[in-house]
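So the protein sequences, as listed, match chains A and B.
Mind the numbering: the first sequence is residues 1 to 400 in this note's numbering, read in order.
Mind the numbering: the second sequence is residues 1 to 400 in this note's numbering, read in order.
Worth flagging that the hints you see were computed from the coordinates, not collected in a lab.
Since the structure is predicted, the reported quantities are computational estimates derived from the model, not experimental observations.
Some hints here could point you the wrong way.
Same chains, same label: a pair holds when it works inside one copy or across any pair of copies.
With a cut-off of at most 20 angstroms between alpha-carbon atoms, the simulated EDC-like pairs for lysine to aspartate or glutamate come out as follows [to be verified]: (1) K398 / D246; (2) K398 / E252; (3) K398 / E262.
There are 2 protein chains.
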Amino acid sequence: MSAIDPFHATRALFDLPDGLVYLDGNSLGALPKAVGPRVAEVIASEWGGQLIGAWNSAGWVDLPRRVGDRVGRLIGAPAGTVVMGDTLSIKVYQALASALELRPDRHVILSDTGNFPTDLYMAQGLIASLGRGHELRVVEPEAVEGAIDRSVAAVMLTQVDYRTGRLHDMAALTRRAHDVGALAIWDLAHSAGALPIDLLGADADFAVGCTYKYLNGGPGAPAFIYVAPRLADDARPALSGWFGHDSPFAFEPSYRPAAGVERMRVGTPPVVALAALDAALDVWEGIDMQALRARSIELGNLFIAEVHRSLSDLELASPEDASRRGSQVSFRHAEGYAVMQALIAEGVIGDYRAPDIIRFGFTPLYLGEDDVRRGAAILVDILSSGRWDRPEFRRRNKVT
Amino acid sequence: MSAIDPFHATRALFDLPDGLVYLDGNSLGALPKAVGPRVAEVIASEWGGQLIGAWNSAGWVDLPRRVGDRVGRLIGAPAGTVVMGDTLSIKVYQALASALELRPDRHVILSDTGNFPTDLYMAQGLIASLGRGHELRVVEPEAVEGAIDRSVAAVMLTQVDYRTGRLHDMAALTRRAHDVGALAIWDLAHSAGALPIDLLGADADFAVGCTYKYLNGGPGAPAFIYVAPRLADDARPALSGWFGHDSPFAFEPSYRPAAGVERMRVGTPPVVALAALDAALDVWEGIDMQALRARSIELGNLFIAEVHRSLSDLELASPEDASRRGSQVSFRHAEGYAVMQALIAEGVIGDYRAPDIIRFGFTPLYLGEDDVRRGAAILVDILSSGRWDRPEFRRRNKVT
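Kindly produce the complete structure, drawing on both the sequences and the hints.
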């Protein structure tokens with residue numbers, strides 16, 4: 001372990017309840033202190049004070065691009081290649097619909113069982129709409145590379161598996177896709193803000209992601225989409241809304257796409273949510289992503305070591321090799337739901353993913369070694385004592 | 001005019017800059033005072049204090065339906081038939097894609113030149129994606145009824161014309177559509193909160209709308225979608241995201257639509273924006289929509305009379321008959337852009353719509369007779385004096 005927490009200073013930028021061990025920043029990031037005041041200002045001074053004029057005077061109209069550039073710096077995307085808006089599901093749809101049109105003679109979308117379900121659902125919906133015999137081919141994560149062949153129009157993968165934390169090799173799989181003429185779409189939901197990403201260097205074609213996890217943008221914060229500059233003027237946005245029009249305020253009868261990635265904007269931007277995200281991104285100023293990754297690995301390894309020191313039988317669902325893992329650690333337990341409820345009741349927040357995963361996220365910006373040791377100790381204690389085995393911990397919540 | 005403003009009390013529920021005459025609530029509604037505190041609470045106590053647990057403990061997961069029911073009460077939609085989320089553009093796409101699948105043997109989408117461009121753009125995008133020879137047939141508003149024939153799969157109309165304020169007869173056109181086996185999709189962007197709407201009574205098939213105009217939900221506030229109960233279990237959501245799945249947290253590999261309109265949810269709901277809207281809807285509690293409509297007509301008629309008393313030549317772009325008009329009044333002026341900029345500089349906020357429309361919205365909840373008289377007087381004065389004719393008023397803003 002580092003002698004001194006290199007991210008000690010950033011913890012002060014977050015509001016976290018005293019005594020809580022929050023290991024779920026991979027699901028909903030903690031609240032940056034800058035968000036509340038910034039949102040209050042946007043509501044009172046911009047909306048309340050400038051009203052409709054704020055679209056110009058407060059720069060609302062450019063927020064999706066301006067915030068997109070800030071996200072871009074964290075994922076290896078040059079300025080002008082990322083825009084914000086909608087949800088990850090919608091952005092997946094846009095990327096996939098564009099990709100299929102760019103490969104009209106191919107009919108396979110290749111994905112894996114580690115992809116987040118909404119990506120698969122959106123693909124299924126698109127395929128049903130198109131009605132042209134596209135196939136969603138879903139293989140095991142380890143089988144993806146071998147399954148990329150000349151039938152594949154688009155490889156659609158989440159870089160970090162939401163259950164296990166297994167990390168795909170973005171550069172290698174993108175290269176393999178390009179070698180056979182396929183396009184690569186990367187979902188960065190569990191990568192953006194979790195580890196260094198080099199979209200341009202990996203030559204990714206499309207990337208999408210949400211901002212409410214490691215980027216701390218708030219519940220349901222707007223998503224992002226990246227389109228490779230070499231494709232951005234050719235990709236047709238299936239969801240062709242007025243804010244993706246070249247001249248939205250000319251009110252022309254026919255759609256003409258804006259230049260570049262701006263065409264992937266759809267409707268009126270969610271100003272208040274974008275302002276919250278914009279404020280949340282302040283904590284990332286000056287953060288060295290390599291240092292963050294090193295610290296995330298230290299924390300994750302510490303957690304595994306502390307748990308396995310007492311409970312060597314608890315099955316690690318994540319890769320043991322930290323270089324093959326995102327910023328989360330998962331274990332398998334047949335009664336994972338009840339175990340997680342017991343943990344939450346004792347102030348350690350992780351989450352459960354059906355059928356048997358208990359999941360813990362490591363966010364160096366606001367988590368230290370003490371949190372990790374304490375979380376591990378309580379997990380060990382709960383499992384050793386069996387005190388998870390109570391009816392109240394089996395009662396299912398709507399959201400797990 | 002009513003002797004006493006029947007909505008005098010509601011004005012106190014809004015924050016409006018002193019001295020401003022805000023006649024643009026049809027574009028961005030004014031700020032309800034309840035919004036700031038409610039959003040601050042959601043950020044600090046729910047996100048900051050309850051973190052991921054707030055999806056259950058603060059009821060975030062049900063916000064799209066709960067807020068949808070509140071909107072539903074204003075548009076004649078029974079509980080459980082409206083959900084919130086995304087933008088109007090996305091909701092138009094969902095409604096239209098579903099409608100086309102429900103009428104697989106027909107290939108015409110009928111709309112009119114008074115529809116808002118994004119509705120037309122989304123239809124164009126969908127048609128291009130489907131590649132099955134659908135046609136977007138756009139006729140003059142007066143020609144819609146005669147153009148509804150057995151080739152039409154869906155009639156897609158905005159009830160109140162964004163430029164002229166002309167009001168379509170929803171019940172009659174829906175009946176006509178049904179008579180020939182077509183479906184009717186209504187965009188209520190300029191109707192919801194502007195006038196009484198009876199979706200169920202009119203037997204509309206789908207309806208969509210935004211909430212940042214008359215409903216005062218804030219810039220880029222979430223949209224809504226209504227699906228007629230008799231269709232809701234048959235409509236396939238082309239945008240099939242995980243929050244529209246029957247069991248989102250089962251993480252099943254295949255999409256299974258939720259029952260009813262909930263299937264039209266797509267991605268993770270925008271919690272902060274929904275909370276702002278939820279607070280904004282408080283001002284609608286107890287409002288009689290018939291009384292609101294009567295007052296809106298009084299204010300609109302007063303504005304027209306005051307303007308025409310001095311400027312009888314200024315061409316009214318809106319129907320003179322208030323029963324055929326929404327809650328806005330528009331005039332035509334070849335230099336409308338500069339005229340509007342001059343008005344704004346003198347504290348009267350309306351907006352301009354290319355090529356020659358100056359547009360004024362009437363929102364009885366926070367506008368009184370004095371505002372209307374003052375706005376009209378300044379418009380008359382600016383036009384009579386010609387002091388709109390200055391270079392600084394011709395300089396184009398990005399957003400008009």
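Status of the hints after comparison with the structure:
1. K398 / D246: between (42 angstroms within a copy, 12 angstroms between copies)
2. K398 / E252: This pair counts as between: shortest inter-copy Cα distance 15 angstroms, intra-copy 45 angstroms.
3. K398 / E262: between (37 angstroms within a copy, 15 angstroms between copies)
In summary, the structure agrees with every hint in the numbered list given earlier.
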